[in-house]
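Turn these sequences into a full structure, and let the hints guide you.
First to last, the sequence lines map onto chains A and B.
Here the first sequence stands for residues 1 to 338, numbered as in full-length UniProt numbering.
Here the second sequence stands for residues 1 to 372, numbered as in full-length UniProt numbering.
Incorrect hints may have been included.
Every beta carbon over 12 Å from chain B, so not counted as near; a handful from chain A, in silico [what the hints assert, rightly or not]:
1) Pro72
2) Gly106
3) Ala321
Some but not every residue of chain A turned toward chain B, in silico, with C-beta under 7 Å [what the hints assert, rightly or not]:
4) Ala88
5) Asn91
6) Val107
7) Asp108
8) Val113
9) Thr144
10) Ala294
11) Thr299
12) Leu303
13) Leu306
14) Leu307
15) Gly308
16) Ala309
17) Ala314
Now the stretches of chain B that chain A is said to cover, found in silico as 3 or more residues with beta-carbon under 8 Å [said to hold, decoys possible]:
18) 118-128
19) 322-335
Just so you know, these hints were derived from the structure itself, not from any lab.
Positions of the beta carbon are idealized from the N, C-alpha and C atoms, including for glycine.
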Amino acid sequence: MARRSVGSAALGALLALLAALLAPLSPASAAPGLARPAAGSAGFCPDASGVTVVVDFRELGGGRVVRCAHGPQADGLAALRNAGFTVAGTNRWGDAFICRINGRPGVDSEPCVDTPPSTAYWSYWHAGDGENWTYSQRGATYRTPPEGSFDGWSFSLNQEEGSAPAPGLAARRPSDGGGSDGPGGAGGDQGGAGGDSGGPGAGADPGGAAGGGSSPGGPGDAGELPPDAESDVEDEEREEEAEEEPDEEPDEDVDDDRSAEAAPLPTEDAEWSGTDEEFEEQSAARDDSGGPSAGTVATLGLLVALLGAGGLTAWRRRRAAAASTAGAGADERPADER
Amino acid sequence: MTATVPGVRRGAGPLPRALHPGAWWLWALCLAVVASRTTNPLLLACLIAVAGLVVARRRGDAPWALSFRMYLLFGAVIVVVRVLFRIVFGGGGGETVLVNLPEIPLPEAAAGIRLLGPVAAEEVLGGAYDGLRLAAMVICVGAANALANPKRLLKTLPGALHEIGTSVVVALSVAPQLVESVGRVRRARRLRGGVGRGRRAVRGILIPVLEDALSRSLALAAAMSSRGYGRTGAVAGGRRALVGTLVIGGLLGVCAGLYGLLDGSAPPALGLPLLLGGLAVAVAGLAAGGRRVRRTGYRPDRWRGAELLTVGSGLAAALVMHLATEIDPADIYPSLTPLSWPEVSALPLAAILLGLLPGYLTPPPPTSEVPA
Numbered sequence: 001m002a003r004r005s006v007g008s009a010a011l012g013a014l015l016a017l018l019a020a021l022l023a024p025l026s027p028a029s030a031a032p033g034l035a036r037p038a039a040g041s042a043g044f045c046p047d048a049s050g051v052t053v054v055v056d057f058r059e060l061g062g063g064r065v066v067r068c069a070h071g072p073q074a075d076g077l078a079a080l081r082n083a084g085f086t087v088a089g090t091n092r093w094g095d096a097f098i099c100r101i102n103g104r105p106g107v108d109s110e111p112c113v114d115t116p117p118s119t120a121y122w123s124y125w126h127a128g129d130g131e132n133w134t135y136s137q138r139g140a141t142y143r144t145p146p147e148g149s150f151d152g153w154s155f156s157l158n159q160e161e162g163s164a165p166a167p168g169l170a171a172r173r174p175s176d177g178g179g180s181d182g183p184g185g186a187g188g189d190q191g192g193a194g195g196d197s198g199g200p201g202a203g204a205d206p207g208g209a210a211g212g213g214s215s216p217g218g219p220g221d222a223g224e225l226p227p228d229a230e231s232d233v234e235d236e237e238r239e240e241e242a243e244e245e246p247d248e249e250p251d252e253d254v255d256d257d258r259s260a261e262a263a264p265l266p267t268e269d270a271e272w273s274g275t276d277e278e279f280e281e282q283s284a285a286r287d288d289s290g291g292p293s294a295g296t297v298a299t300l301g302l303l304v305a306l307l308g309a310g311g312l313t314a315w316r317r318r319r320a321a322a323a324s325t326a327g328a329g330a331d332e333r334p335a336d337e338r
Numbered sequence: 001m002t003a004t005v006p007g008v009r010r011g012a013g014p015l016p017r018a019l020h021p022g023a024w025w026l027w028a029l030c031l032a033v034v035a036s037r038t039t040n041p042l043l044l045a046c047l048i049a050v051a052g053l054v055v056a057r058r059r060g061d062a063p064w065a066l067s068f069r070m071y072l073l074f075g076a077v078i079v080v081v082r083v084l085f086r087i088v089f090g091g092g093g094g095e096t097v098l099v100n101l102p103e104i105p106l107p108e109a110a111a112g113i114r115l116l117g118p119v120a121a122e123e124v125l126g127g128a129y130d131g132l133r134l135a136a137m138v139i140c141v142g143a144a145n146a147l148a149n150p151k152r153l154l155k156t157l158p159g160a161l162h163e164i165g166t167s168v169v170v171a172l173s174v175a176p177q178l179v180e181s182v183g184r185v186r187r188a189r190r191l192r193g194g195v196g197r198g199r200r201a202v203r204g205i206l207i208p209v210l211e212d213a214l215s216r217s218l219a220l221a222a223a224m225s226s227r228g229y230g231r232t233g234a235v236a237g238g239r240r241a242l243v244g245t246l247v248i249g250g251l252l253g254v255c256a257g258l259y260g261l262l263d264g265s266a267p268p269a270l271g272l273p274l275l276l277g278g279l280a281v282a283v284a285g286l287a288a289g290g291r292r293v294r295r296t297g298y299r300p301d302r303w304r305g306a307e308l309l310t311v312g313s314g315l316a317a318a319l320v321m322h323l324a325t326e327i328d329p330a331d332i333y334p335s336l337t338p339l340s341w342p343e344v345s346a347l348p349l350a351a352i353l354l355g356l357l358p359g360y361l362t363p364p365p366p367t368s369e370v371p372a
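As structure tokens, this is what we get:
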């Protein structure tokens with residue numbers, strides 16, 4: 001009986017721990033949920049201090065969202081959070097494996113318990129200013145994006161291994177007129193300063209989708225098609241060299257004086273937006289009251305009733321068994337259990 | 001007689017009898033499937049409580065029936081170990097930091113591994129949820145072990161697995177025999193006044209026990225060979241190889257199919273089709289092999305209403321749970337970012353409560369502590 005009660009006591013202790021853990025947290029967890037939209041700013045970073053985060057929801061039926069995380073960022077995950085995105089990891093790996101951005105993909109298609117499958121996951125890209133997107137060889141928590149660089153997140157749905165679509169926006173700060181005319185010379189210069197890491201082909205691509213995005217009916221592909229898919233493969237082979245990205249120093253001073261007169265949100269409607277309206281509506285509709293709901297409390301009550309019934313039955317059976325063996329004869333089975 | 005199951009008045013309910021062990025196993029495996037499909041701690045705790053209540057009401061008095069508390073302890077160990085691993089190796093971190101433990105610095109080569117450091121509620125809860133799921137599955141298997149009589153289960157083995165069944169029966173009866181043997185030798189020592197402790201006492205117990213085990217095995221072997229066990233009969237070698245291949249291949253298919261069915265992320269082709277295919281092959285093999293073994297059964301276990309009800313409740317629980325994952329998956333996999341209380345919707349809870357039915361609607365188990 002002692003062990004049985006140890007078992008149920010362990011269960012009870014576990015639940016108490018759960019409750020104790022969650023009770024002080026629920027108001028705290030509601031607060032960042034409300035405060036989070038204030039983090040970062042909409043649109044590209046105006047200057048080279050900060051990391052521009054591009055999230056491409058097109059494979060999930062959304063658009064592209066561009067936000068800026070100001071100041072130096074510790075890692076890619078911090079940049080994503082500080083830019084104002086809501087991130088959910090997996091139960092198994094925590095935030096080390098990013099499973100949802102702004103609540104997508106939804107629970108109906110991805111439980112986010114274990115590592116998401118290679119047919120539906122968020123791919124992580126990075127690029128210097130004016131460079132091609134590079135598929136990151138490191139996880140977002142183990143890579144520090146340099147200031148002034150770009151972090152890209154693109155959902156890869158039903159793609160062959162190694163052909164995840166790059167974020168469908170050129171990684172270039174729009175300080176030279178929104179990237180609409182996209183002078184190839186400027187992009188080439190910056191690519192040249194970065195050594196062999198970034199392909200100059202990105203600079204030559206006029207203001208459109210760099211990388212092999214194969215988006216069906218995305219809002220952005222108004223005429224210009226992405227370059228061929230082979231460039232992706234080459235990029236991935238060159239990624240080890242590209243990791244360091246030594247090129248943000250030279251163009252920092254160039255950008256600083258340009259950004260003074262550049263508007264922060266040019267051509268927002270056409271290719272991207274600064275806020276994720278769909279997600280904002282969803283989170284506004286959800287009531288963050290904190291504390292357990294009535295259903296949760298009722299289930300806890302049911303659980304206690306079940307545990308009590310089980311414990312009581314086991315106790316009564318044991319007592320009856322002990323009484324009957326004692327009655328049947330004490331000399332029959334000495335000192336077996338006692 | 002007072003030692004019947006509480007809640008069932010004598011003469012009012014059905015006569016006490018042990019259910020078919022296969023029914024308990026199927027019920028428990030269905031509950032394990034339910035457990036594998038959720039990480040909601042409330043649902044999992046309810047499932048464990050349901051399994052525990054059914055065991056408390058319907059277990060027998062045999063030694064294996066008392067093993068359930070070991071499974072409960074084992075489940076608790078699983079959860080604790082998972083959480084400890086998350087704390088020590090920093091399972092991904094989170095935003096809600098509970099405690100800031102001093103982080104042990106590691107060389108650059110070990111990038112990606114963190115020792116101690118800040119403990120976030122997300123990682124602790126993630127570990128607990130994950131561990132609780134595995135613990136619930138283990139406890140379901142423990143419930144089957146406590147409820148089903150393994151010897152009667154072996155009796156229902158098909159004829160083609162006759163030899164395997166025989167060896168399993170022998171192996172199964174070794175452990176209880178050893179325990180009983182140790183008790184007997186110790187009692188005899190005490191009666192003789194042997195009070196030695198330590199190594200000498202162990203030697204004094206071990207050698208008689210081993211000798212006892214050997215002589216018992218020889219006696220068992222002699223008894224079995226005198227009853228005709230182990231004869232191969234007049235069956236051609238090629239046919240035996242074919243039967244063996246069919247049975248083994250089919251059972252492997254069944255195992256892989258069960259794995260596919262239990263693992264929610266496995267491709268769907270690996271689940272039910274492989275399970276059914278493997279089952280068909282295995283049944284064909286068993287039917288072909290069973291023809292050469294003629295057996296008669298003494299008091300065979302029959303599938304009656306209570307057995308069907310037990311299996312049906314398990315299957316219904318699994319089906320309703322499957323339906324719930326299709327309709328409303330949000331509460332079945334509670335979110336950890338942002339942290340929130342696990343919500344429970346009616347459908348999965350109903351699935352779990354369906355598993356409770358055998359605890360109340362089946363006949364009570366026969367109790368052995370009836371005095372002569």
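Outcome of the hint check:
Even its closest Cβ contact with chain B, about 19 Å, leaves proline 72 of chain A beyond 12 Å, as expected for a residue assigned away from the interface. Its closest Cβ contact with chain B, about 8 Å, brings glycine 106 of chain A to no more than 12 Å, contrary to its assignment away from the interface. For alanine 321 of chain A, the shortest C-beta to C-beta distance to chain B comes to about 5 Å, within the 12 Å cut-off, and the non-interface label is violated. The interface hint given for alanine 88 of chain A is met, as the beta carbon of that residue sits about 4 Å from the closest beta carbon of chain B, less than 7 Å.
The interface hint given for asparagine 91 of chain A is met, as the beta carbon of that residue sits about 4 Å from the closest beta carbon of chain B, less than 7 Å. The interface hint given for valine 107 of chain A is met, as the beta carbon of that residue sits about 5 Å from the closest beta carbon of chain B, less than 7 Å. Because the smallest distance between the Cβ of aspartate 108 of chain A and any Cβ of chain B comes to about 5 Å, under 7 Å, the interface hint for this residue holds. Checking valine 113 of chain A against chain B by beta carbon gives a least distance of about 6 Å; that is within 7 Å, so the hint holds.
Taking 7 Å as the C-beta contact cut-off toward chain B, the hint placing threonine 144 of chain A at the interface is violated, the least distance being around 11 Å. The closest approach between the C-beta of alanine 294 of chain A and any C-beta of chain B is roughly 10 Å, which is over the 7 Å cut-off, so the hint fails. With 7 Å as the threshold, the beta carbon of threonine 299 of chain A comes within range of chain B, its nearest partner Cβ sitting at about 4 Å, so the hint holds. Below 7 Å, beta-carbon pairs count as interface contacts, and leucine 303 of chain A has one with chain B at about 5 Å; its hint therefore holds.
Interface hint status for leucine 306 of chain A: upheld, as the beta-carbon distance to the closest one in chain B is roughly 4 Å, under 7 Å. Given the 7 Å rule on beta carbons, the hint for leucine 307 of chain A holds: about 5 Å separates it from the nearest Cβ of chain B. This hint is violated: glycine 308 of chain A has a C-beta 9 Å from the nearest C-beta of chain B, more than the 7 Å allowed. About 5 Å separates the beta-carbon of alanine 309 of chain A from the nearest beta-carbon of chain B, less than 7 Å, and the hint is met.
Below 7 Å, beta-carbon pairs count as interface contacts, and alanine 314 of chain A has one with chain B at about 4 Å; its hint therefore holds. Only residues whose beta carbon comes within less than 8 Å of a beta carbon in chain A count, and the segment 118-128 of chain B has 8; three or more means the coverage holds. A stretch counts as covered by a chain when three or more of its residues have a beta carbon under 8 Å from one of that chain; for the segment 322-335 of chain B and chain A the count is 5, and the coverage holds.
The structure does not agree with the numbered hints 2, 3, 9, 10, 15 stated previously, though it agrees with the rest.
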